[in-house]
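So you can see what is in the structure, the chains are spelled out below.
There are 2 protein chains.
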Amino acid sequence: MKLALDAMGGDNAPSEIVKGAIDAVKKYPCEIVLVGDKNKILETLSDEPNFESLPITIKHTDEVIGMDEHPADAVRNKKNSSIVVATQLVKDGECDAVLSAGSTGAAVTAAQLILKRIHGIGRPTIATPIPTPDGVALLLDSGANVDSKPEHLVQSGIMGALYVEHVLGKANPRVGLLNIGEEETKGNEQAKETYQIFKNMTTINFAGNAEGRDIPTGKFDVIVCDGFVGNVVLKFAEGLAHTIFKLIKEGIEEGGVPVKLAALLLAPTLKELAKKLDASEYGGAPLLGVNGYCIISHGSSDAKSICNAIRVANEYVGGNVLEHIKNALEKEDFFKDSNLAKRD
Amino acid sequence: MKLALDAMGGDNAPSEIVKGAIDAVKKYPCEIVLVGDKNKILETLSDEPNFESLPITIKHTDEVIGMDEHPADAVRNKKNSSIVVATQLVKDGECDAVLSAGSTGAAVTAAQLILKRIHGIGRPTIATPIPTPDGVALLLDSGANVDSKPEHLVQSGIMGALYVEHVLGKANPRVGLLNIGEEETKGNEQAKETYQIFKNMTTINFAGNAEGRDIPTGKFDVIVCDGFVGNVVLKFAEGLAHTIFKLIKEGIEEGGVPVKLAALLLAPTLKELAKKLDASEYGGAPLLGVNGYCIISHGSSDAKSICNAIRVANEYVGGNVLEHIKNALEKEDFFKDSNLAKRD
Chain A
-9 MKLALDAMGG
1 DNAPSEIVKG
11 AIDAVKKYPC
21 EIVLVGDKNK
31 ILETLSDEPN
41 FESLPITIKH
51 TDEVIGMDEH
61 PADAVRNKKN
71 SSIVVATQLV
81 KDGECDAVLS
91 AGSTGAAVTA
101 AQLILKRIHG
111 IGRPTIATPI
121 PTPDGVALLL
131 DSGANVDSKP
141 EHLVQSGIMG
151 ALYVEHVLGK
161 ANPRVGLLNI
171 GEEETKGNEQ
181 AKETYQIFKN
191 MTTINFAGNA
201 EGRDIPTGKF
211 DVIVCDGFVG
221 NVVLKFAEGL
231 AHTIFKLIKE
241 GIEEGGVPVK
251 LAALLLAPTL
261 KELAKKLDAS
271 EYGGAPLLGV
281 NGYCIISHGS
291 SDAKSICNAI
301 RVANEYVGGN
311 VLEHIKNALE
321 KEDFFKDSNL
331 AKRD
Chain B
-9 MKLALDAMGG
1 DNAPSEIVKG
11 AIDAVKKYPC
21 EIVLVGDKNK
31 ILETLSDEPN
41 FESLPITIKH
51 TDEVIGMDEH
61 PADAVRNKKN
71 SSIVVATQLV
81 KDGECDAVLS
91 AGSTGAAVTA
101 AQLILKRIHG
111 IGRPTIATPI
121 PTPDGVALLL
131 DSGANVDSKP
141 EHLVQSGIMG
151 ALYVEHVLGK
161 ANPRVGLLNI
171 GEEETKGNEQ
181 AKETYQIFKN
191 MTTINFAGNA
201 EGRDIPTGKF
211 DVIVCDGFVG
221 NVVLKFAEGL
231 AHTIFKLIKE
241 GIEEGGVPVK
251 LAALLLAPTL
261 KELAKKLDAS
271 EYGGAPLLGV
281 NGYCIISHGS
291 SDAKSICNAI
301 RVANEYVGGN
311 VLEHIKNALE
321 KEDFFKDSNL
331 AKRD
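Chains as they are written, first to last, in my numbering: chain A, -9 to 334; chain B, -9 to 334.
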């Protein structure tokens, strides 16, 4: 796999991005094009002995899209920005996938404008893997779209199921619709209408409504929701983890010697747990529904997250998910027979 | 305060409800009417020595509304159910407040039908206190309504701020609108419209958009959202806490003697933390917007949660919040001048 990596995107760019790339080419069969400011990239890259022998090249760009810029305006006006150029490399067939930890809005917009949507998909969707005790649950959409129509949620469900099957390797994944109760009469209009479409489908394994409490338990493999709710849930989890760890740390600092000793003894167990629940282990979320492989990483990504995201990109491309999605949309009578695919 | 307590509502009714009542009358200045099956209530109550001298009476009812019944149908058809009779006691002026851990839908419906809405309020809203490191944040609506209109969210904000001020004792509470970004242009249509109303108001301290990560940190005192999102967030927190504790327990069980010893030493610190984050410490969520004091408890409430919820009821009635809400709606030019209060 040849990856276009936005070296300038994210809070720790470019140094952590470059370090992640160096780690990844040593671990996974891949070739990386670092897209961004050549001199800044070389500051980190040249620290690596024999860096010129690594399968890493640089594509120089002199513009960057900031986190606070309006995504559509920025993508249209900054043709030489790292995210736009990286996405264009995929469009031109020079790379297989694009990965960015920069502005999510800009990455989604660049993918939509340059790679375009897959025919039959109304809106692309960000699919975030949520750690569960036995693996992951895919939450989508986790922030690309708000005020989604029921057919957008249904399309998310189909794409999410194919991703889980062909990339995460779980056959017949259980698809749940995020809602406020188990019964099909529960929820807002969006959820109630979506339920009625899902329950008549035969191409996915619809397992009913998922409640908030089902997200982290692993009861469902794919959890479908509007991007507004998905984004709130993901950021809430972040805030909660941060608050809990802060309180534990304070408790240990205020405790006496036995408490400090205990913390030391318990550290490996807690570290193992933290690793299990650590979103950075998964590193990247695929943007499903665009006509190309695009992976979005968290703005706070460090080298480890980026390296993991490159592994995700590798598996994503290897899973040939795009072709599976296109085939599924062709086969799904529901989409052929109805106006769902047309009503964007 | 004289409380009508639904003795039959909740997973652990009536025994834990009755035990909670016994504890509460010993701790707080209150009088309790236990509403439910007299014989079943007496099974627990008569275990208490001299129970006849406690300020607890029984109002016998022979119907119960189950968790799986359709709320509106059940409330209309079961006139002699514990929740309907308890709510009627408030309507008739025989009690000051009603508290139930039974079906939330039934409790909300009974309150709406019997107590009616406050004039000017389109929809009542459940205000759930979320533990934060330094106190609580009030999340509302946490499940009474979905597909809310912007004016419903604004009304929630006003009522939530008055609750925090007069019951939780925090002056000038910071009101946040739950959204997917800080900027006022972010979010779905509902959030964008609500922001525009909030930002022009002078009677509340609107502090801008709150993101998911801000919910547990205490950055806002009141967080306003649609009941769909609020419900998903609360249940997600429940599921996450459950999953994390399960994993910690497994890790400790699988660990050797040092890990088990460490867990023992760390137990008081973790217990202190769990207490800080334990929702049952707060025990009850007020249903704001109905013309009477109504408190809703979690279905899984035990005696401790019920006792705490009775404390909440005491403070809620003592804070005279209903009068403050009515006065605020009178004074709020925004509501007088616009059609917001009329458009239910």
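Do not rely on the hints blindly, as some may be mistaken.
[To be verified] In the DSS-like style, the derived pairs of lysine-lysine whose C-alpha atoms are separated by at most 25 Å in a straight line are: (1) B/LYS139 with B/LYS225; (2) B/LYS209 with A/LYS189; (3) B/LYS250 with B/LYS225; (4) A/LYS261 with A/LYS250; (5) A/LYS182 with B/LYS182; (6) A/LYS239 with B/LYS182; (7) A/LYS(-8) with A/LYS49; (8) B/LYS49 with A/LYS261.
Simulated from the structure, these hints should not be mistaken for lab results.
Since the model is a prediction, treat every value here as computed from it, not as a measurement.
Do the hints match the structure? See the list:
1. B/LYS139 with B/LYS225: holds, 23 Å
2. B/LYS209 with A/LYS189: violated, 41 Å
3. B/LYS250 with B/LYS225: violated, 31 Å
4. A/LYS261 with A/LYS250: holds, 16 Å
5. A/LYS182 with B/LYS182: Given that 25 Å is the threshold and the Cα spacing comes to 24 Å, the pair holds.
6. A/LYS239 with B/LYS182: Distance ~38 Å between A/LYS239 and B/LYS182 Cα, so the pair is violated.
7. A/LYS(-8) with A/LYS49: holds, 13 Å
8. B/LYS49 with A/LYS261: violated, 54 Å
The structure fails hints 2, 3, 6 and 8 (numbered hints given earlier, in ascending order).
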